[in-house]
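Engineer: Protein chains in written order, with the numbering used here: chain A, 1 to 607; chain B, 1001 to 1607.
Read the hints as simulated data drawn from the structure, not as lab findings.
The beta-carbon is built from N, C-alpha and C at its ideal position, and this holds for glycine as well.
Please note that a few of the clues may not be correct.
As the list claims (entries may be wrong) - Think about it this way: if two alpha-carbon atoms lie no more than 20 Å apart in a straight line, the pair counts; the simulated PhoX-like pairs of lysine-lysine are:
(1) Lys331/A x Lys242/A
(2) Lys1523/B x Lys465/A
(3) Lys1483/B x Lys1606/B
(4) Lys1103/B x Lys1242/B
(5) Lys1329/B x Lys512/A
(6) Lys1246/B x Lys331/A
(7) Lys1329/B x Lys465/A
(8) Lys523/A x Lys1246/B
(9) Lys1242/B x Lys1025/B
(10) Lys453/A x Lys1103/B
(11) Lys1453/B x Lys1331/B
(12) Lys1142/B x Lys142/A
(13) Lys512/A x Lys1014/B
(14) Lys1022/B x Lys607/A
(15) Lys1103/B x Lys606/A
(16) Lys331/A x Lys483/A
(17) Lys1521/B x Lys453/A
(18) Lys403/A x Lys331/A
(19) Lys1483/B x Lys453/A
(20) Lys521/A x Lys1465/B
(21) Lys1483/B x Lys1523/B
(22) Lys606/A x Lys1446/B
(23) Lys1606/B x Lys331/A
(24) Lys1512/B x Lys483/A
(25) Lys607/A x Lys1446/B
(26) Lys1521/B x Lys483/A
(27) Lys483/A x Lys465/A
(28) Lys1446/B x Lys446/A
(29) Lys1103/B x Lys1329/B
(30) Lys1512/B x Lys1483/B
(31) Lys1453/B x Lys606/A
(32) Lys331/A x Lys22/A
(33) Lys1512/B x Lys329/A
(34) Lys1331/B x Lys1025/B
(35) Lys1142/B x Lys446/A
(36) Lys465/A x Lys1521/B
(37) Lys1453/B x Lys1329/B
Unchecked claim - Covered stretches of chain A (in silico footprint by chain B; criterion: 3 or more residues with CB under 8 Å from a CB of chain B, positions within the stretch not fixed):
(38) 347-355
(39) 404-412
(40) 418-432
There are 2 protein chains.
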Amino acid sequence: MENLKRWLIGKPLKSAENDEQKLTKFAALALLSSDALSSIAYGTEQIVLVLVTLSAAAIWYSLPIAAVVIVLLVSLTLSYRQIIHAYPQGGGAYVVSSENLGKHAGLIAGGSLLVDYMLTVAVSVSSGAEAITSAIPALYGKQVIISIVIVLLITLLNLRGLRESATFLMVPVYTFIAIIVLLIATGLIKILTGTVPFQATETVGTVVPGITIALLLRAFSSGSSSLTGVEAISNAVPFFKKPRAKNAAGTLTIMATILGFFFVGITFINYWYGIVPKSEVTVLSQIGEAVFGHGVMYYVLQFATALILAVAANTGFSAFPVLAYNLSKDKYMPHMYQNRGDRLGYSNGILTLAAGSILLLIIFQGSTERLIPLYSIGVFIPFALSQTGMVIKWYKEGKGWLKHSLANIVGAFISYSIIVILFVYRLPDIWPFFIIMPILLFIFYKIHDHYIKVAEQLRLEDEVKLHTYEGNTVIVLIGNVTKANIGALNYARSIGDNVIAMHVSLDEDEQKEKEIASEFKVKFPDVRLSILHSAYRSIETPIIRYVDMVSKEALKRNFTTTVIVPQFVPRRRWQNILHNQTNLRLNFRLSWREHIIVSTYSYHLKK
Amino acid sequence: MENLKRWLIGKPLKSAENDEQKLTKFAALALLSSDALSSIAYGTEQIVLVLVTLSAAAIWYSLPIAAVVIVLLVSLTLSYRQIIHAYPQGGGAYVVSSENLGKHAGLIAGGSLLVDYMLTVAVSVSSGAEAITSAIPALYGKQVIISIVIVLLITLLNLRGLRESATFLMVPVYTFIAIIVLLIATGLIKILTGTVPFQATETVGTVVPGITIALLLRAFSSGSSSLTGVEAISNAVPFFKKPRAKNAAGTLTIMATILGFFFVGITFINYWYGIVPKSEVTVLSQIGEAVFGHGVMYYVLQFATALILAVAANTGFSAFPVLAYNLSKDKYMPHMYQNRGDRLGYSNGILTLAAGSILLLIIFQGSTERLIPLYSIGVFIPFALSQTGMVIKWYKEGKGWLKHSLANIVGAFISYSIIVILFVYRLPDIWPFFIIMPILLFIFYKIHDHYIKVAEQLRLEDEVKLHTYEGNTVIVLIGNVTKANIGALNYARSIGDNVIAMHVSLDEDEQKEKEIASEFKVKFPDVRLSILHSAYRSIETPIIRYVDMVSKEALKRNFTTTVIVPQFVPRRRWQNILHNQTNLRLNFRLSWREHIIVSTYSYHLKK
């Protein structure tokens, strides 16, 4: 087990090695941008798909819509740059909302993002799996299994640690960036040199009959799904090399610039080349064919798209554990999310995310269409809250607040609009969000409540007085009369003033019981033996009843009560299955009793 | 949890209630014969299917083949009746082979049967599921899920206890018996009254060109698969009401008579009516249509067949746990197979069988054709071994042995022949058997070896001398300086002569460490505090290193060493997830150390 773990995730790292594991901007871009960048594989398509429900002539509206998306992108980027500088310890929307809008808003933002990262992983991994199965038709129908395997691989990569996953992810991310740059450049050159004539159905500005504000809003809200993933860097500031905030903000700007350029470029080429969505082929793939022809470059594009979709899941794996860490530090999630694993990652967060996304993959059977609207609502709520939070922050800090918060105001306004649009037009898809969130909030508060109460109970008074007991009653559980008991009885006599051996008789067979009693008397003449009867073949129930009785007496005399449960420790671990695990069960059940201490005496088998 | 368990399997029964749970012959027939009886749903078909590969004219050979099958049935029945009387404690082939042919042969028989019962469950449940999906086409493609649900239901029934499952199973078993009696009677009457003319392709005795011994042998070996399940009663003798052996032998005779009558009747009607197997419709279903017409009775037949196939799995559930119990009593399987559950069934055997058969269903995706040959080899090996064992037994017992063992000799001869036929003609299907068996034998011997060694090590010498220690060193693990430590320190001082508080510092933060040290000094001035450092964020490793050091010193002074690990016991069980389970892990890792006793001090949270 241990060896397998070492082979899979590598040797443990010292806490002091933490700084060596930090990321350069170049590596961070690979690790944290795949989610945002991969969304351009479907962003333009989402807009055009809504528009063509009216007619192909309406496609030109994708250009002004793209412009609004870019405005939103710019405002989000400026806003998150501010957040990075203001909150360099990471935590993004959760921290910003908590500090400026109150705990409740913070938890809504945090909870949304937790769910959202699971959705990110599920959505991107299953898009990746679809790309793989369209390339290798023999695998068709196995998408869910492939998706789960990819999730497991990414989990492993993340358990191995940050730096190693970044190295591994650079290839797909930078290949994708390179091929898209080439695609847009070639496409534009062909337009400028006149190689490709103007093929759009309608020129910009023509009023298409039947166009409605509602349609445009729906197209916009669909297109804005390209912006999911922009917040990831703000959650992951602690992963950067120093100066952390500066490097993180720089990386965010680079990412946003690339994303904006790609989005506008692809939308424009799509319009100019007059490409209409088809159900079998994606828009990006049609553009690729139109620009590169059906050659090698086209296949490189397809392959790079598949890969970046598959690895986009990694963004969730970087951001989720940090967010869980922050929630845990504030006592809203179990403490275990603060533990760092052997390779310095927050392993429990990584494993929880993996389990959650695998569950989503199984429930939704990898159907991405049903997950995307849910995913959008889950990301725009934290967007809106964090930007509102920033506005409040600037306002509180006083002078020049309007200047500082201009980007935030615009961003907040657009984000709220998208939430309203989603609520009005996509309620049938997003209702689960409004069920999950209250449950999550309830859990957060329950956990918080518990931790607060524990802290209160544990607080020491100023005067601490240790108590002195008169003596100790020790009860030793005895199976048959064998060598294993000698050590436990020796130990019991060393700590106890009053030693009782206790045997539970399961058999109705009185003969065997008498044999044990008389054998015990011969071998251990000075130890008292109590034999308990069990009518229901459970050995725990009669033991607990007896121990309760003894401990009541002991307390009266100001004695402690110790129950010693001997256990066999075999030479090899598999042999444990050959022995009763009574000690574990007894330990568990007796732990609910007060004033009783359970000791495990290990008898080591040598052969 | 507890309530759910009660609702599902019922209130616990006292050990003394065991006798009330025993079976009458009528109930036992329902419980133990479904496997054997259900096989007539496919027995004749298996023979005819092989014969028609030559020509429809060859079908008449099914009559002499059926005659040989009947000879085998009679010899097996006589033989198992002898076994029941000779070994009334149950265990069948395993016990007979062990006692007369040696442990090795016994384990081969036992191991084959264990695997075979899993196969029985998988095969019969998936045939049942196929019958259900052909009745309700909407469920087509969900056979594996349906099969698993049926296995779970039968498991539950068996966990509830013997008598209740017998009651439940009487309906399908007796309905099936009634409808088949009616089918054969109606079929014969129609033949005798001349309503149905002789429609066979060829009369008995005609030599069909191209017929070979090999073909006849293959047809015979296929047909003999109808006899699987005959041994079940001999494994389950302890379940019968007293006189056990007599009732069991009687039940076996009744079952064999019914089985023989059904097999011959169906084979004869099939021949007379000239029915040729079709791929879509089973032979039994064709016979039903020919005899009853396409009316209500036909559907009753189909439904009863489906039901008995589904419940045939229950035979495995009755026999497997008893066999596992016998193997476990002889120390070849883990002790836990001897524990009786709340309802007096051997729950661990029941659960193992369920898990194994569900695994088989998933691996083979419910494809029965691939399982049946494997299943035949697994049942004829124990048949052959147990009959050989009986021959040896009679021989050893001396006079008149040949008379006693005549049936056994015939049975053994036919069983060995079938094994040879299977080996020659079906090796591509049965090879997994020859891989699984050596592995299983290896496991049996490994387990046995372990238990024997344990018993040797535990045996007490005649002179037992208890040792007296000079004192006790007690180490208390301390987290932060809180109230939780007071109780543990009090207890430690009561049992120890030398109390050390131990704290593990995970943070590189020296400040916090100093704070804890000074706070501890103020609050508990007379207790020594050791602070350990952990470079790898594991708290167990430094603790173990420190404890090793302390215990070495203690041993030199003839002191015991106790490690006290305080644990939080929250008011509600779910809250356990909010606290570190350090005590469990530490308990486990320290258990590998000798001379160290681990105590759990429970601090009960009140709020």
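Engineer: If you check each hint against the structure, which ones fail?
Structural biologist: 1, 4, 6, 7, 8, 10, 14, 15, 16, 17, 18, 24, 26, 27, 28, 32, 34, 35, 38, 39 and 40
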